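Enquirer: Sequence:
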Amino acid sequence: MLRGGTVGVHVLGSATAHHQGGRIATGPGGGVLSMAETKPVPFPRGEEESWFEAAEGGAILYQQCAECGAVPSYPRTMCPSCWSTALVNRTSSGRGVIHTFTVQHRPGAAGFADEVPYTLVLVDLDEGVRVLADLRDYEEGALAVGMRVKARFEPGPGNVVLPRFRPAAQETT
19 MLRGGTVGVH VLGSATAHHQ GGRIATGPGG GVLSMAETKP VPFPRGEEES
69 WFEAAEGGAI LYQQCAECGA VPSYPRTMCP SCWSTALVNR TSSGRGVIHT
119 FTVQHRPGAA GFADEVPYTL VLVDLDEGVR VLADLRDYEE GALAVGMRVK
169 ARFEPGPGNV VLPRFRPAAQ ETT
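Following the working numbering, the numbering of the sequence shown begins with 19 at its first residue and continues without gaps.
In case anyone wonders, no lab produced these hints; they're calculated from the structure. None of the values given here were measured: they were computed from a predicted structure. Note that the Cβ used here is the ideal one computed from N, Cα and C, for glycine as well. It is possible that part of the hints are untrue.
Ranges between beta-carbon positions, derived for each pair [stated by the list, open to error]:
1) E85 - E157: 17 to 23 Å
2) F61 - Q122: 21 to 27 Å
3) R154 - V106: 28 to 34 Å
4) A84 - T120: 32 to 38 Å
5) R154 - T95: 29 to 35 Å
6) C86 - N177: 36 to 42 Å
7) Q122 - E85: 38 to 44 Å
Using the sequences plus the hints, can you model the full thing?
Expert: Put into C-alpha cells, the structure is as follows:
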C-alpha cells in the first residue's frame, strides 16, 4: 500500500493527497506535506491514474519501454534508460519476493495508531519492478527477505483500492 503516514508526509510524483481534518502544505518539489491525524487519501493524476484504475480491478500495472525493454520503478512519461516515450502498460502477476521490510511498532502518524504493529515490505515483483506495500496475515517469526508474496486488493483510506501483500503460501483461488 502506498502509505504516507509520517508527520510531514511527502507524496512523491504528481499525486496529491487529501487529509480529512488536516492542514495541507506544499513541500520542496511540489509534494504535499501534512500534519494530519488521519490517513492520507491518494488523488492520482497523469500517469498514476491507470495504476489506480487497475488496482480497482485487482491488478498491478507496471510500465515497460517498447524500445529497450527497461521497466521503470514508477509511472513516467519517458524511459529513464533510453529516453523513449514508447512506454507500454503491462499487468503484473502480483507475485514477487520481499526485498526488504520493516515492522512499525510506533505509528508514523496518528491515523495509523490503531494498526500498530504493521509491516511495510519492498517487493520485487516477478516482472522486475519494485512496489512498496504492507504485508498482512503472516506467521510471526516467518517473515524473511526472499519470502514469496502475492498481492490482494483491499480498500484503503478514502476507499481507494490498494495492493496489500500476503505470503504466497496463503493464496486462495
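Enquirer: Does each hint fit the structure? Answer for all of them.
Expert: Now the hints, each set against the structure:
no., hint, in the structure
1, E85 - E157: 17 to 23 Å, "violated (44 Å)"
2, F61 - Q122: 21 to 27 Å, "holds (24 Å)"
3, R154 - V106: 28 to 34 Å, "holds (31 Å)"
4, A84 - T120: 32 to 38 Å, "holds (35 Å)"
5, R154 - T95: 29 to 35 Å, "holds (33 Å)"
6, C86 - N177: 36 to 42 Å, "holds (38 Å)"
7, Q122 - E85: 38 to 44 Å, "holds (40 Å)"
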